[in-house]
Each structure stands twice: as C-alpha cells, then as structure tokens.
Amino acid sequence: MESNHPLTFADQVRAMPGGEHLDLCYSCGTCVSKCMIQQKLEPEYNPRRLLRMVMMDMREEAFNSPTTWLCSACDLCYPACPQQIHISDVIEAVKNLAVEAGYSTPLETVEVDEARCSGCAICVMTCPYEAPHLIEKEVNGVMDRFSEVDAENCMGCGMCVAACPMGAIARPGVSNAEISSQIDIKTQNSSPSLVVFICDWCLRVDADLEILESYPDNVRVIHIPCSGRIDPQMALIALNSGIDGVLVCGCAPGECHYQRGNYVSSCKLSLLDKMLGQMDLANGQVRFVQLGTQDRGRIRHEIDGMLVQLLQEAS
Amino acid sequence: MSDSPKKEELRIGVYICHCGSNIAGVIPPAEVAEWASHLPGVVRATDTLYACADSGQSLIKEDIKKYNLNRVVVSACSVRMHETTFRGAVSEAGLNPFLMEMANIREQCTWAHGHDKEGALQKAKDLTAAAVAKAQFLAPLEFITVPVTKKAMVIGGGVAGISAALDLADQGIETILVEKEPTIGGVMAQLNKTFPTMDCSI
Amino acid sequence: MVDAARHPKITVKTYTNVERVEGYVGNFKVQLREKARFVRADRCNGCGECASACPIEVPNYFEMNLAPRKAAYVAMSQSVPLLYTIDQDACIHCYKCVDACGALDAIDFSQEDKVEWEDVGSIVVATGFNHFDPSVMPEYGYSRYPNVITAMEMERLNNSAGPTTGNLMRPSDGQNPKRVAIINCVGSRDKRFNPWCSNFCCMYAIKNAILLKQMYPDIELSIYYMDIRTPSKGYEEFYDRAREMGIHFIQGRPGLITENELTHNLFVHSEDVSLGKVMEREYDMVMLNQAAVPQPDVDTVSSVLNISQSPGGWFMEYHPKLRPVDSPTDGIFLAGACQGQKDIPASVSSGLACASRAGRILHSDEWQIEPIIAQVWEDRCVSADGKQCGLCAKACPYGAITVEKGTAAQVVTAKCHGCGGCVAECPHNAITQMHYTDAQVLAQIRALLAEKPEEKIFAFRCHWCSYGGADLAGTSHFDYSANERGIRVMCSARMDSDFIYEAFRLGAGAVLYSGCHPQDCHYITGQRVGATRADRLMRTLDKLGMSPGRFRIEWISAAEGDKYARVINEMQQTINEIGKEKLSQEIEGMKAELEKRARRMYEAPRVTEASDYSDEMALAMSVLEVKEVKDGK
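Residue numbers (the numbering used here), protein chains in the order written: chain A, 1 to 315; chain U, 1 to 202; chain V, 1 to 633.
The set of hints was computed from the structure by calculation and includes no laboratory data. Please read these numbers as outputs of a predicted model, since none were measured by experiment. What you were told as hints is all true, and nothing was included just to trick you.
For lysine-lysine, the following DSBU-like pairs were computed, each having C-alpha atoms within a straight-line distance of at most 30 angstroms:
{"id": "1", "chain 1": "U", "residue 1": "LYS150", "chain 2": "V", "residue 2": "LYS9"}
{"id": "2", "chain 1": "V", "residue 1": "LYS543", "chain 2": "V", "residue 2": "LYS596"}
{"id": "3", "chain 1": "U", "residue 1": "LYS180", "chain 2": "V", "residue 2": "LYS29"}
{"id": "4", "chain 1": "V", "residue 1": "LYS596", "chain 2": "V", "residue 2": "LYS582"}
{"id": "5", "chain 1": "U", "residue 1": "LYS151", "chain 2": "V", "residue 2": "LYS415"}
{"id": "6", "chain 1": "V", "residue 1": "LYS277", "chain 2": "A", "residue 2": "LYS40"}
{"id": "7", "chain 1": "V", "residue 1": "LYS9", "chain 2": "U", "residue 2": "LYS180"}
{"id": "8", "chain 1": "V", "residue 1": "LYS213", "chain 2": "V", "residue 2": "LYS277"}
{"id": "9", "chain 1": "V", "residue 1": "LYS35", "chain 2": "U", "residue 2": "LYS180"}
{"id": "10", "chain 1": "U", "residue 1": "LYS117", "chain 2": "V", "residue 2": "LYS563"}
{"id": "11", "chain 1": "V", "residue 1": "LYS114", "chain 2": "V", "residue 2": "LYS9"}
{"id": "12", "chain 1": "U", "residue 1": "LYS117", "chain 2": "V", "residue 2": "LYS452"}
{"id": "13", "chain 1": "V", "residue 1": "LYS213", "chain 2": "U", "residue 2": "LYS193"}
Please put together the full structure from these sequences, using the hints given.
See below:
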C-alpha cells in the first residue's frame, strides 16, 4: 500500500533495520544506567532520550544529540532492556539518516599517513566498524593503494593503530609516541616497577579510579581508549627500559566498548607471553586481566597481586 | 434410528445486529438484511440496533409469534458472547432453543476487516447465508438433565481458596478444602501486615 | 484460616494432592492422595516434643529457607491444622521422636499414603502463584551479594513471627540496615522473563517501606520504579502517605548493582529518569520485588483438571470480562492468582465469586447440560451385522462408546462430552453429532463457497481454541484477509476428511484445519484424533497433486489472536502466489478423486437434501449478486 504522505522522521527510523521496535520503549532508563558513555565521556549522552526524540519526531535535536554519534554499539544495554529493543540499531539508523542529511561526527577519529601506508589492508580487517577501506589513486604517475577512513564510522578505539605494521595510522592523543613517552618510571627503591595500561571503559565506578591514583610512583598508569589499542611492542619497550612488569586491563568478555578489542588484545598478549617464554624470559611479566561491570574494587587485587608476584620473582 | 423427518415448511427469521457502530460502522446491516430476505426459507429479515438488548430480544420474540417463525438466525457477535442470551429469548417465545443459529459478523468480520469494507460486507452476507443454511437442518433438542452431588471441592488453601470454602460452607454446602502443604494459609500466611490498611495477615 | 478449620461444613485435607479428576458438572469424581505424615492426626496435640527431640535440621520453606526446621515439624506455630509432620526426605529414623512423644503414642512410622475418591458436584481451583527467582538476573547479584534479598525474604525478616522475631538484620553481618533500596518490577514487565505487570508489587513495595519506616524512623528508604500503579480504592492515598513519610521514590529501572566486597554495602546504578542523569547510590540492603509467576506444577494441574492455560501459564477463564471465574469446563471455577496475578482483595473477591458460581449448581437438584452428544443410527452400524469395527470406541476420549459384535455401538449419554471424534471416524456414517450433523456442516460449507470459491480461505475451527483465537484476533483488531470463511465445530476431532474433500471439490482456494494445542484439548485427546487425521489428509492431498500451503494444519489457542490473523494472511499470500488459474486447474485435475472421496458423506441421512437445498441457495445468492451488479452496487 503506497502512501502519498512523506514519511515522518520517526517513520523513517522505524523503517530501518532495528527501528521497528522503537515504539516499545517505555523510558525505564535501564539502558542509560548500563551505558558508560554519560559517565565517562559526555554528560549529555542519553539513549533513552534519543529514542524519545525520535518518537516525538524531533529530527534536528536527534541529529545534534551527542548520543547519535557516540554510541559504539557495545550492546551492554540490549540484553538488559526489558522491552528487548536493540537500541544500538535504532541509534545507528538515526546516525545513517544524519549522515545522509550532511551531519558529521564530532569524535576524534584516526588519520592515515599516506606516505607510510602500504595498502596491506590489515586495518580493514581489524576494525569492528568497517571504517577503513582501500582506495586506489595515482601518485607520481603510478597507481597505488591506500587505506582511507570514514570519519562517520570510526569510533576512535585505536585497534587499527596498534595493528598497522607500518605505523601509518595515528589517533590524536594516543599515538605510539604519546603512549611510549609515558613509560618512564625511574626505579629508585627496591619495590618492583609496574606499568598498568588501562582501558578507558573497564572501570565503571569513580571509586576504582581513585584506587589507581593511590599507588606510588613505581606504578605508572597509562590510560588507553581500548585494550585493543595495545601493541605488544609497547610491552617490550617497557620491559626493555628496565620495568619489571606490564599489566593490561580490558573489559570482561562480551563487555568490550568497541565490540572485540578485548578479544584482540587477549590474543596478542597471550602470544607475547609465549614468545617471552621461548626467549627464556620469565613468564608472567606481562599479564592481561578482564574487569567486568560488577567487579567493583577488583583492580586493587590485580595490581597488588602483580606487585607481590614481581617481588617474589625478584628475590 | 435414522431420522426421516416430515418436511415442515421452513419459516426463518434473520436478525442483523448493528451493535451500535461496532458492526454498522463497517457494513450497512440493513443491506445485509434486505439481501438475506431473498434467501430460500427466509420469511422475515431485518436489522436491529442491539439484538442483545431488551428491545432486540423483544423484537425476536414478537416476530416468532407474528410470523410464526420456526428457525431464528442472529447475525451479531461471537457465540461465546451471546449464544445463551438468544437461546433464552427464543425459548421464551416457545421455540426450542436449538433452533436458533448465530453468525459471528462482529469479532470475525467487522472487527477483523475494518480495512476492507467491501470484503467485510461480502463476508457478513456469506456468514449469514451459512447460518441460514444450517438453520434449515437444525433439529429441536432437549437439554440433558443430570443429578448434582451437593458437595464442593476447593483445591488450594490460600486466601482465595479459604474464602471460597468458607462461603460455600456458609451456604450449607459440604466442602472439602485440599492443600498440598502441611498447613493451609498459602502465601498470605507468610506475609506480615497487608496493604492498604495494615491489617495482620493471619 | 482457623475459621475454615472449625467450620462444621468444611473438611480440611492438608498434605494432600489431587491426582485424577473424572466426570462432568454435578458429578465429578476426584482421586486424592493424602501423603503419609507418620503422625496420627487423632492423637497429635501439637505439643512439639517430637521436634525438640529431632536431631535433624533442614531449611524451612515457610521462612523462605532463612531459618531451619526439624525433620519432625510444623511449618509455623500457627499452622492449621496444628499437626506435626515427619519429613521422610530428611528423617534418619533414629526414632527419638517416638520416645519424646511417649504415652501420647502419636507417631506411627507404618503410615502409608492414603488414596481415596471423593464425589463432588463442583470444583474450585485456587492453586495460587509462585515467586520469580531473581538469581537468573546476574545484574542484581541476588544469591551472590548477601545483602540483596527478595521481597518474601524481607517479609519474613520484618515479621515478628519470623526467624529474627521482626528484627530486620543484614544477612552479611546481622546489623540493622540504615539505608534500604527496594527495586520494583524484578522479572515483571520484562520481555526477557515475564511480560506482564505483576499487579500488586507497587503497593507491596510501599507497604514494606511504610512498615520499615514505622519500625525504624531513621531509616533511609528508596523505591526504584518504572511506573507506580495504584488503581484500587485507598491505594493512591496509601502512596501519598509513603511520600509524606519521606520515602524516596526514584523513577528509573536500575541496570546494575555492585558491591563493596569489604563492607558488603551495595551500590545501585540507575538513571534518575526525571533528571536524565546516571546515579550510583549506596545502600546497606536491597530488596528485589519479584514478579508473580504461575506455580511450577501448573502443567500437571491443568492436565489433571483438563483446563487450558493462557500464555505464560495462568489458567484460562471462559471469558475475560463476562465470566472471569469460570473455567472453560462447566462446573470448574478459578479462584485467586492461579488465573492471573492478583492482590489479596482481588483474590478474596474471586474466591467469593467462585462460591456463588458453584452455589448456583450445588443448590440445584439437577443440572442441564447441552445435548450436543453423539447418536448411533443402529441400522447403519456394521457392528450390528456382526462385523469387526469399533473405530468409534477407539476415537472416544471418555470411553463413552461400547461396541459388541452383533449389536450396534452404544453411546453412554452421561459419559459423552460431544467432541464428535467418533462421528468423523466412523467409515459408514453410522454416528451423528447433535447440532453438528453432516447435513448441517455440508449446508454451511456449500453456502460459504457458493461464490468465487477459489478466492476463499476456508477455516475449520474448534469451539474452544481456534474459534476463540479468531474471536481474539477481531477483539484485538488484528486485520486479516476478508476472504476467510470459517465454520465452527466442537473439536478438531469432528473435522471429517469428507468436509475437507468437499471444500476442495467445491473449489476452495485454501483450507485451514485448526484446533487446540495438543495439551490444551478440551476433550482430553480429541485433538490427537484430529491431528492424526489431518496429517493423513495432508499426505493424500499432496499425492493428489495439491500445491503445498493450500491445506494447512495449525494449532491455535484462544489466546493466540495474533497467530490466527497471521496464519490467514500467510494463506492469502500463498493463494495469491499460486494464482487463480492454477488454483482452479489443480481442482479440475483432482475432481474425480475428490468426488469419489467426498461421495461417502452423501450417503449420510439428509445430506442429499442439504445438497439440494444448497443448490437452491447458491442459485438465490447468484441471482442476488447479479441484481446488485445491475443496481450499480
């Protein structure tokens, strides 16, 4: 049945995959309480309100809402939603309409240095959001392949930065150089030195961040957007510069803010651990832990446990 | 006991209910009635605002006498709603209650096909015709009378079961209250005070 | 409780299960199993010496397992009857109780379960509800965090007759909590578990908050809610009272509870919906207000009593508005929360309503039941000619038909429930069902397929389920194709193969064979008789060359209006896809076969007459159609 009336904004969203359950939302707020973006990144972030804006046909407001752009489809909210609305699908539907209408993301996204890019496409395979893709263009009269990143799709997790064998991709704020420069512990006393790479999302509550700040200088905490941003080289740089241990903290299985960064890093680090063993270096100097949303206070056990282990190995 | 009934002359009355706007809002009942009046055996066909209301029932009862009807077809709602009502009405007028047949043109027609008024009208006519067709072959039946054991059983000794058992017993009926746990009381007995008056529960 | 036990007209049978129910309105026979208590009811005086002597302790279900009981026990001190029971699952047979009982000699280990039959005229089912177990929701940490408790546990903890004599203690350290959160809708209004609103929990949260505030005036109380529902008399005023007492109402369903592992204090993470901000608040104790769910043994009870269930497992009423306490079976009534989540006033009201409904029957000397039963035409029955048959007796779910060689089959009127299975099974048209004779059904089929049969979706529906489902589709205004034409018989068992052949012979576009789900059949096994026949029909029609989808078998309950509408729409799509031409061609090709098969029905009494009449009627209808076209309609 074709209708002559133009579709309203809400109808357009309803017509897109995932949008069909939009009207079931009864604004209970479970999604917002599960989501960490409001707490960690943007106080105005609120998926419940975005769904409401769509239902009430508030097109401009929805396009300008940070919620439209910041959702990384981690889907912590979906299994908790009592109405079983696939919220990230609805948000993506809104985002696609916003992109069509010429809006663009306010997020810091990665940049490709074409001088270094070899067109190997590892970044294309790594990205959970299909942001990078290969293009062909002529450089100095020769056709060559390069990676190019869609700003609208990039969530800034940095997994491609870690994966790129040419070091051709950078994310402002967390480039290789910026992270490496923080690995500079000067061990003066007998206590072991430890570098903690912690993903921005695995500590849910402020109380846990306070725990991190409570450690003395021999524990250096380096914040990274996702544990998937970790390049094994960084751990090697740290060990090489005389640091005793490296602890990488990521989210629990199924809770990664960027869908699969924790999985990628767990694979990389277990491989590294094996290699260190083959190189006759003590096992256990590099450790990966996964902290879940309900693991309040567990970070203290993990750091303390690592320090005790390093101390035992040293003696 | 194959039945070989005497062929009696069929005199069928057909009543198409408006049910306010529930039926009449989708199809014109008068048109269905006019159409049905030409069906074989039909001697009276009319529409009525609410067939189940006193006025509707009186119309049917009066018609049975006036037109000497021996079958009645009511095109209205579901048999789950008003079959008993119309059986009662025809039997008050002296007709065997099983000589009444209903066609469901509300739940299964106008309410389900509001989007297709043409289709709904055709269906209402067909359903009425089918009821008229069945009415031709209806036979008077007598209810079966069974004795009643004057004793009740209540299964479950919670607040609902206890209330039911006490009221049955107060009516003088022997009642057996069966409970699977060792004590009656159910969830109610586990509660402290109860809302909104904060009475004790036990 | 005590009133019921004392009433001279009430016999209370506790520790007793209902095992079988037979019979019909006014004349039910119920088999009861009184489980052995190993204590003689006539001697036990409830002194409790046996329990004091008993060395075995197990959790007490009555105290939500928060307190122990002995293997020789009463669930609570106010038990009715005040009669001890020895739990055989826990007893080690040390016989210390026997010594403790002494001269009273009430303990009797030789007791066995007592099975007896009771004759009753009417049955009230009041089997109640159960509580949702929140340990399946990891986000709230129930059973992992000691200070997260359920509503029923709270009920026992603040009850002066409970295990703590009414002193509210935190399970982790025995301290009185200073800050308590109550979370509503745990497992209710949640499509992951139970879609329904559990009806009483809002009021229940408010009651517990007020109660705690009265007991501990300094306590800080928050109720997390999605909507507060207070729709009965005095309820909203009760809610106001709670607000005036300083109880916090926080709108927003918490997504998570975390715990400080040292203090076992809890942090509730929720969005305050009014502010649009995520909050993390600390509490000493959290109460989860669980959903009301059907009893775990609901399937057993419904099969013993032969009553069907609504989606979710509540017992289904005859009509949600007009006959809310009647079950679909005459003489069986539904009281309290077994029919759907209810608070105490509603449970009491439904209990009293059942007493009145049952009283209607029990105060009569006789009761009338519908004469829609089977009747044998003795001259047609081959058993009378000494031939072996008995198919009718085999189809009967009630054993109401006796077949002896040399005499015609006999129907025991009082046992026949009128499903019509025997009628459809009889290969010689020797049985008929009153009010649903072959002639009557044929007349309907032919009237409905008189015009443009290839466009029609012909639906056979059973009275109890799929007809109800079709009603519900309409009541819910689920639009479906207006080409549907349906007829009603009492049970899918009555849907004779001949009817389906006849419908196709007349050119029907598609035919639906629908009835109850197997476990819901109103006639015990009638659906099975129908289903077997339908499967056979499906194979035959397939062999005759019918396109798949034209004959469809669907089991649709009275609660599945959406399914009925969907099935009809899908069938419409199927016949659209096949196309009118092919639909008619197929029938042409099968005509001889169909005629051969449907002809059998024409031997039944009055069927020829019905077909003659149908021709007359079809003619009248087509004339009327033409007239309408001429009139420009």
